[in-house]
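Position chains B and C against the provided structure of chain A, taking the given hints into account.
Chains as they are written, first to last, in the working numbering: chain A, 7 to 335; chain B, 7 to 335; chain C, 7 to 335.
What the hints contain is simulated information worked out from the structure, not anything from laboratory work.
These figures come from a predicted structure and were not determined experimentally.
Glycine is no exception: its CB is placed at the ideal position from the N, C-alpha and C atoms.
Treat each hint with caution, since some may be false.
Said to hold, decoys possible - Okay, the calculated bits of chain A under chain C, using three or more residues with CB under 8 Å as the criterion:
no., region
1, 99-110
2, 174-180
3, 294-300
Unchecked claim - Mimicking SDA-like on lysine to any residue, the simulated pairs with C-alpha atoms at most 25 Å apart in a straight line are:
no., chain 1, residue 1, chain 2, residue 2
4, A, LYS140, C, HIS86
5, C, LYS140, B, TRP320
6, A, LYS143, C, LYS27
7, C, LYS89, A, SER226
8, B, LYS143, C, ILE138
9, B, LYS17, B, ILE53
10, C, LYS143, B, HIS86
11, A, LYS143, B, HIS86
12, C, LYS140, A, ILE138
13, C, LYS143, B, ILE88
14, B, LYS143, C, TRP142
15, A, LYS27, A, TYR284
16, B, LYS143, A, LYS27
17, B, LYS89, B, ASN18
18, C, LYS89, C, THR112
19, A, LYS143, C, GLY90
20, B, LYS140, A, TYR284
21, B, LYS143, C, ASP137
22, A, LYS143, C, PHE41
23, A, LYS140, C, LEU139
24, A, LYS143, B, LYS143
25, A, LYS140, B, LYS140
26, B, LYS143, A, SER226
27, A, LYS89, C, PHE41
28, A, LYS143, B, THR141
29, A, LYS143, C, LYS143
30, B, LYS143, B, GLY90
31, C, LYS143, B, TRP320
32, C, LYS143, B, GLY90
33, B, LYS143, A, LEU153
34, B, LYS17, B, TRP320
35, A, LYS140, B, TRP320
36, C, LYS140, A, THR81
37, B, LYS140, C, TRP142
38, B, LYS89, C, TRP142
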Amino acid sequence: MTTQSIPVLWKNNTDKHYICKIIDISLRGCAQVMFQNNPITGLLFFIAIFISAYSNNNPLAAWGCVVGTVLASITGAITHDIKGWRDGLYSYNGCLVGIAIPVFITATPIMWLCLVVGSVVSVIATVCIADILKTWKVAALTAPFVLTTWVILLASYAFHNIYGSGLPSPDLPQHYIPSTQSSYSLSFFINSTLHGISQVFLFPGILASLFFIAGLAAESVVCACYAIVGSFIATLLACYLGANPHDIAAGLYAFSAVLTSVALGTVFNHPGWRVFIYTISGIIFTVFIQAAMNVLLMPLGIPTLTMPFVISSWLFLVPNKEFMPEHRH
Amino acid sequence: MTTQSIPVLWKNNTDKHYICKIIDISLRGCAQVMFQNNPITGLLFFIAIFISAYSNNNPLAAWGCVVGTVLASITGAITHDIKGWRDGLYSYNGCLVGIAIPVFITATPIMWLCLVVGSVVSVIATVCIADILKTWKVAALTAPFVLTTWVILLASYAFHNIYGSGLPSPDLPQHYIPSTQSSYSLSFFINSTLHGISQVFLFPGILASLFFIAGLAAESVVCACYAIVGSFIATLLACYLGANPHDIAAGLYAFSAVLTSVALGTVFNHPGWRVFIYTISGIIFTVFIQAAMNVLLMPLGIPTLTMPFVISSWLFLVPNKEFMPEHRH
Amino acid sequence: MTTQSIPVLWKNNTDKHYICKIIDISLRGCAQVMFQNNPITGLLFFIAIFISAYSNNNPLAAWGCVVGTVLASITGAITHDIKGWRDGLYSYNGCLVGIAIPVFITATPIMWLCLVVGSVVSVIATVCIADILKTWKVAALTAPFVLTTWVILLASYAFHNIYGSGLPSPDLPQHYIPSTQSSYSLSFFINSTLHGISQVFLFPGILASLFFIAGLAAESVVCACYAIVGSFIATLLACYLGANPHDIAAGLYAFSAVLTSVALGTVFNHPGWRVFIYTISGIIFTVFIQAAMNVLLMPLGIPTLTMPFVISSWLFLVPNKEFMPEHRH
Chain A
7 MTTQSIPVLW
17 KNNTDKHYIC
27 KIIDISLRGC
37 AQVMFQNNPI
47 TGLLFFIAIF
57 ISAYSNNNPL
67 AAWGCVVGTV
77 LASITGAITH
87 DIKGWRDGLY
97 SYNGCLVGIA
107 IPVFITATPI
117 MWLCLVVGSV
127 VSVIATVCIA
137 DILKTWKVAA
147 LTAPFVLTTW
157 VILLASYAFH
167 NIYGSGLPSP
177 DLPQHYIPST
187 QSSYSLSFFI
197 NSTLHGISQV
207 FLFPGILASL
217 FFIAGLAAES
227 VVCACYAIVG
237 SFIATLLACY
247 LGANPHDIAA
257 GLYAFSAVLT
267 SVALGTVFNH
277 PGWRVFIYTI
287 SGIIFTVFIQ
297 AAMNVLLMPL
307 GIPTLTMPFV
317 ISSWLFLVPN
327 KEFMPEHRH
Chain B
7 MTTQSIPVLW
17 KNNTDKHYIC
27 KIIDISLRGC
37 AQVMFQNNPI
47 TGLLFFIAIF
57 ISAYSNNNPL
67 AAWGCVVGTV
77 LASITGAITH
87 DIKGWRDGLY
97 SYNGCLVGIA
107 IPVFITATPI
117 MWLCLVVGSV
127 VSVIATVCIA
137 DILKTWKVAA
147 LTAPFVLTTW
157 VILLASYAFH
167 NIYGSGLPSP
177 DLPQHYIPST
187 QSSYSLSFFI
197 NSTLHGISQV
207 FLFPGILASL
217 FFIAGLAAES
227 VVCACYAIVG
237 SFIATLLACY
247 LGANPHDIAA
257 GLYAFSAVLT
267 SVALGTVFNH
277 PGWRVFIYTI
287 SGIIFTVFIQ
297 AAMNVLLMPL
307 GIPTLTMPFV
317 ISSWLFLVPN
327 KEFMPEHRH
Chain C
7 MTTQSIPVLW
17 KNNTDKHYIC
27 KIIDISLRGC
37 AQVMFQNNPI
47 TGLLFFIAIF
57 ISAYSNNNPL
67 AAWGCVVGTV
77 LASITGAITH
87 DIKGWRDGLY
97 SYNGCLVGIA
107 IPVFITATPI
117 MWLCLVVGSV
127 VSVIATVCIA
137 DILKTWKVAA
147 LTAPFVLTTW
157 VILLASYAFH
167 NIYGSGLPSP
177 DLPQHYIPST
187 QSSYSLSFFI
197 NSTLHGISQV
207 FLFPGILASL
217 FFIAGLAAES
227 VVCACYAIVG
237 SFIATLLACY
247 LGANPHDIAA
257 GLYAFSAVLT
267 SVALGTVFNH
277 PGWRVFIYTI
287 SGIIFTVFIQ
297 AAMNVLLMPL
307 GIPTLTMPFV
317 ISSWLFLVPN
327 KEFMPEHRH
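So that you can see chain A by itself, here it is in the shape it has in the complex:
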């Protein structure tokens, strides 16, 4: 048996056995969070998620991620878009819901109910939003995850039996004034850049970040570079504009920019100089949208999740047809 035959063997199994098919779709679904249609990338991403969840003392987030991804993969069978389903396009939102619910909601049986409801509804929301957006030929991105999770997190305030332990306290916005003079070192920038990449999956982490980069590189080295560049530029800009250094260090100003960078730079356009400049503009404005949404959601006590990436990417992708010579999707 040669190395070449492993993918072939796997493909044969996924066609024959339902469980293998769901595993394959779940792995691809996890990889699709960063736009990759590759089970190896998904496997590396899952390893990274387990590393970061366990090292941040929240192992349930990793197991929730598995449950959410698998449930969404099973629910995805209700669509008629068989190709999209098998490529994991109906699973990646469930993957993120599965991490987010245990991160923000205290572990109780009702937390698991929320996770199940969120994963299943994320599939319906994906079909709904994709259908709406096809009018303008843009993708749903992670909007179904964000909207579904926001509903559950907001609802947690009204329900006594759902306790949002990880949520910020609702407050009126105030101009941010740093308590101490902050000095930024090179290691600060490198660490923040790496945390920004793993923060896409809701946890900071250096080792996890390297696995995420490896997963991206397994499918496309250019993609991995764009992720790093996006995170680095966003970190730099957030420091220059005077954002909260703790948030910068945790990668909270960079994770949306990572996704914008990969989306605009490699997924929906052919790489090139014109696209590179357009992508840099997108990264810069993503940092502004990230800060704006942090403030916008302050009175509600919920996090932005990846919405700044979604809005920024829609903003820069809709006119794309006109600006860019060629399209991929």
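Same frame as chain A, now just chains B and C:
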């Protein structure tokens, strides 16, 4: 003259006399709040509205409802959609505006100005939103009512001469903690379920609720069953998740679910097992959206009205084309 | 050389020299804030902007306006819509961004960075929003300006180095109660009406207002009349409903209505009785939306900018195809 001839006689009159036509459209408009195109249903609904408005010490709401419905029916003549106009599709939002304004705004001459402006604009909003949504083949539902009323209720804070007496005080969200241990009896569930049905028209009430159910049953018994089931499941879920028992008892967690249940279960799909399961999912998520919107609007001091139903139904109706074998509209 | 030949000479120059072309586009862009495609109007508007900025002790706003307009005119070249670009349709949002940033953000080098980012992104937002809205045949209006500026103003709360000096303090809404009995004189109404017109460009001012009216009249006298009528009716209604007299006097309840009046009355419809009544309805509801948005944005501490006009005009323009016999655009 046989019984059969009364509808025929009525039809002849509505074609000949303008006033009869407007009365017919207004009755159908009131019935269309719950998707029924039937003047008998409308008459039973109006009786229910008068019962609940008078028994809740707000008779103006019933008269405002009549004024709003009739004004919207007259204004509806500006559309080219003659069939939709005669079926009451441009009147039901005015019907709800006519109840909501006296419920939330103190009775003054300017309250009536708001009611007139709201009813007329609700027709324009209906044409606007229906035109936008036909891109995805979904109906405007009660979105025109909600948006028009929200504008007037928000504006009441800025205008000294419009006093929003029935509005909740704007506040930052806090996690709900019950003051006393609550025990739920069977009569609590039955009463809450009934209040949920009449709360669609903004008042709790047992007797009114029976008239609403009778009105639905006059056109379709299945429809009436779906309304009851929707209200009951929503009440049960809200109790399980630990919502405020006073709000549950007033039907405030059930009224949106009643509309979602009727819409998904009978109006826009042919009843069946697949549709039944899909409808239950819709009811469950409507309860989450209801709680989420309660929290979302807390800092603004305005009620959700039927927006949770609208959002939930759009979410479950847009992908419908793909999920469901057949469509009605 | 006759007077007639000046436009011809100018046209020849704008075709040959890049700088003349950008100047022409920038002048038209400034005029397009009020829907006029005329460089003379733009020149009069720029004079008015300099008068009002200097008389309100904020000269940077006038210079920022020039920079924003020119930058947007240059960036606009990326679209394929050459005609729209030359008509200033990609410049007017940059013109308003260029005024708004110095009005609300303290003058620092980073303020200029925000102004540059805002102007450039306003062009991308214009292409994006225009593309989305062409589905329903309505224009982007000033939505790109409002959304881009809101992002930067909200972000200012999160960034220490961007200080929003001119922003209202975030607060929960409260019912407005006037401190003293206010008496309205004729001069109050005249002044408020004029301030309402110049407030479209974010400053009150009588002399500036006269220049704006002259600029409108240079292209269309009917247009100038609609601007005055819109401002006057909005002022009257705001007084009647009991709005804050200081805000009315500064034209803050009238500027959105000015734009609604011009848009509905002359730009997107052929003037006539039916259109006149429809426009009056639009003006009345714009005042309600203005008050509603003031309250809506209170917890966030940002101004409405021209969003009430945008929402009101979309509401009244989408159904237009059905209501109005003929269309201009």
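Hints versus structure:
no., hint, in the structure
1, 99-110, "violated (count 0)"
2, 174-180, "holds (count 3)"
3, 294-300, "holds (count 6)"
4, A:LYS140 with C:HIS86, "holds (22 Å)"
5, C:LYS140 with B:TRP320, "holds (22 Å)"
6, A:LYS143 with C:LYS27, "violated (33 Å)"
7, C:LYS89 with A:SER226, "violated (40 Å)"
8, B:LYS143 with C:ILE138, "holds (17 Å)"
9, B:LYS17 with B:ILE53, "holds (22 Å)"
10, C:LYS143 with B:HIS86, "holds (18 Å)"
11, A:LYS143 with B:HIS86, "violated (31 Å)"
12, C:LYS140 with A:ILE138, "holds (15 Å)"
13, C:LYS143 with B:ILE88, "holds (23 Å)"
14, B:LYS143 with C:TRP142, "holds (14 Å)"
15, A:LYS27 with A:TYR284, "violated (38 Å)"
16, B:LYS143 with A:LYS27, "violated (33 Å)"
17, B:LYS89 with B:ASN18, "holds (16 Å)"
18, C:LYS89 with C:THR112, "violated (37 Å)"
19, A:LYS143 with C:GLY90, "holds (23 Å)"
20, B:LYS140 with A:TYR284, "violated (34 Å)"
21, B:LYS143 with C:ASP137, "holds (20 Å)"
22, A:LYS143 with C:PHE41, "violated (30 Å)"
23, A:LYS140 with C:LEU139, "holds (14 Å)"
24, A:LYS143 with B:LYS143, "holds (18 Å)"
25, A:LYS140 with B:LYS140, "holds (14 Å)"
26, B:LYS143 with A:SER226, "violated (39 Å)"
27, A:LYS89 with C:PHE41, "violated (47 Å)"
28, A:LYS143 with B:THR141, "holds (14 Å)"
29, A:LYS143 with C:LYS143, "holds (18 Å)"
30, B:LYS143 with B:GLY90, "holds (15 Å)"
31, C:LYS143 with B:TRP320, "holds (23 Å)"
32, C:LYS143 with B:GLY90, "holds (23 Å)"
33, B:LYS143 with A:LEU153, "holds (22 Å)"
34, B:LYS17 with B:TRP320, "violated (34 Å)"
35, A:LYS140 with B:TRP320, "holds (16 Å)"
36, C:LYS140 with A:THR81, "violated (35 Å)"
37, B:LYS140 with C:TRP142, "holds (10 Å)"
38, B:LYS89 with C:TRP142, "holds (22 Å)"
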